[in-house]
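Participant: The opening position of the sequence shown corresponds to residue 1 in our numbering, with each subsequent residue numbered one higher.
The hints are simulated quantities; they were obtained by calculation from the structure and are not laboratory data. Just so you know, these numbers come straight off a predicted model, no measurement behind them. Some hints could be false.
What the hints assert, rightly or not - Label-pair distances were calculated between CB atoms; the ranges are:
| # | residue 1 | residue 2 | range |
| --- | --- | --- | --- |
| 1 | M109 | L31 | 20 to 28 angstroms |
| 2 | K112 | Y9 | 18 to 26 angstroms |
| 3 | K10 | P83 | 35 to 43 angstroms |
| 4 | F7 | I91 | 16 to 24 angstroms |
| 5 | E28 | E115 | 20 to 28 angstroms |
| 6 | K10 | I87 | 20 to 28 angstroms |
| 7 | I4 | I93 | 18 to 26 angstroms |
| 8 | K112 | I4 | 41 to 49 angstroms |
| 9 | M109 | S23 | 33 to 41 angstroms |
| 10 | N64 | G95 | 31 to 39 angstroms |
| 11 | P83 | S23 | 14 to 22 angstroms |
| 12 | E125 | G34 | 42 to 50 angstroms |
| 13 | F90 | K59 | 16 to 24 angstroms |
| 14 | K10 | K127 | 32 to 40 angstroms |
What the hints assert, rightly or not - Derived EDC-like pairs: lysine to aspartate or glutamate, alpha-carbon spacing no greater than 16 angstroms straight-line:
| # | residue 1 | residue 2 |
| --- | --- | --- |
| 15 | K63 | E121 |
| 16 | K68 | D6 |
| 17 | K32 | E115 |
| 18 | K112 | D45 |
| 19 | K128 | D61 |
| 20 | K42 | D6 |
| 21 | K127 | D45 |
| 22 | K32 | D89 |
| 23 | K32 | D45 |
Quick reminder that beta carbons are idealized off the backbone N, C-alpha and C, glycines included.
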Amino acid sequence: MQAIFDFLYKRAERMITSGTSVSKLIDEVFLKIGEASESFYKFQDSVIALARMLRAWLKGDYKNVSTKSIISVIAALLYFVNPLDLIPDFIPIIGQLDDIFVLGFLIRMLNKEIERFMAWESEQEQKKA
Numbered sequence: 001m002q003a004i005f006d007f008l009y010k011r012a013e014r015m016i017t018s019g020t021s022v023s024k025l026i027d028e029v030f031l032k033i034g035e036a037s038e039s040f041y042k043f044q045d046s047v048i049a050l051a052r053m054l055r056a057w058l059k060g061d062y063k064n065v066s067t068k069s070i071i072s073v074i075a076a077l078l079y080f081v082n083p084l085d086l087i088p089d090f091i092p093i094i095g096q097l098d099d100i101f102v103l104g105f106l107i108r109m110l111n112k113e114i115e116r117f118m119a120w121e122s123e124q125e126q127k128k129a
């Protein structure tokens, strides 16, 4: 598992210089979350928040996140959208277990980052109102 994440981390490092690739990844995440089964229910809000944070960072609107965290988010989301990961997604039930594990780990690791982003996002909405 570590070798896979190391590979994805290096790919994510290359991707942050290409806004188009990251934008496409964000779109794929929203599509997969929309199609996902109830097994992602617990993580859905956090995954969507991570995708929104990534989009805001990409646009330059949100800067209160480390580059290392952004790269970790991209790597985990790459794993999530890849249907042929450690346990292929087409295998009923267990095909999503590895995605849940990776996302759960990332969400626990970046919980404070997610909370800070959501507070910032709420503040931005209040400023618009």
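Participant: Given the hinted pair K32 and D45, is their Cα-Cα distance within 16 angstroms?
Facilitator: holds, 13 angstroms
Participant: Take a look at whether the Cβ-Cβ distance between F7 and I91 falls inside 16 to 24 angstroms.
Facilitator: Since the Cβ atoms of F7 and I91 sit about 21 angstroms apart, the hinted range of 16 to 24 angstroms holds.
Participant: Is the Cα-Cα distance between K32 and D89 16 angstroms or less?
Facilitator: holds, 11 angstroms
Participant: Just to be sure I understand the hint, the distance between the Cβ atoms of K10 and K127 should be within 32 to 40 angstroms; is that true here?
Facilitator: With Cβ atoms ~38 angstroms apart, the hint holds.
Participant: For the pair supplied as a hint, K112 and D45, confirm whether the alpha-carbon distance does not exceed 16 angstroms.
Facilitator: holds, 15 angstroms
Participant: Is it true that the CA of K68 sits at most 16 angstroms from the CA of D6?
Facilitator: holds, 13 angstroms
Participant: With the threshold set at 16 angstroms, check whether the alpha-carbon distance from K127 to D45 stays at or below it.
Facilitator: violated, 23 angstroms
Participant: At the C-beta level, are M109 and L31 separated by a distance inside 20 to 28 angstroms?
Facilitator: With Cβ atoms ~24 angstroms apart, the hint holds.
Participant: Are K112 and I4 spaced within 41 to 49 angstroms by their CB atoms?
Facilitator: Hint violated: Cβ distance 25 angstroms, outside 41 to 49 angstroms.
Participant: Kindly confirm whether 33 to 41 angstroms is satisfied by the beta carbon distance between M109 and S23.
Facilitator: Violated, at about 24 angstroms.
Participant: If you draw a straight line from the CA of K42 to the CA of D6, is it 16 angstroms or shorter?
Facilitator: violated, 26 angstroms
Participant: If I claimed the Cβ atoms of I4 and I93 lie 18 to 26 angstroms apart, would that claim hold in this structure?
Facilitator: holds, 21 angstroms
Checked against the numbered hints given earlier, this structure breaks hints 3, 8, 9, 12, 13, 17, 20 and 21; the rest are met.
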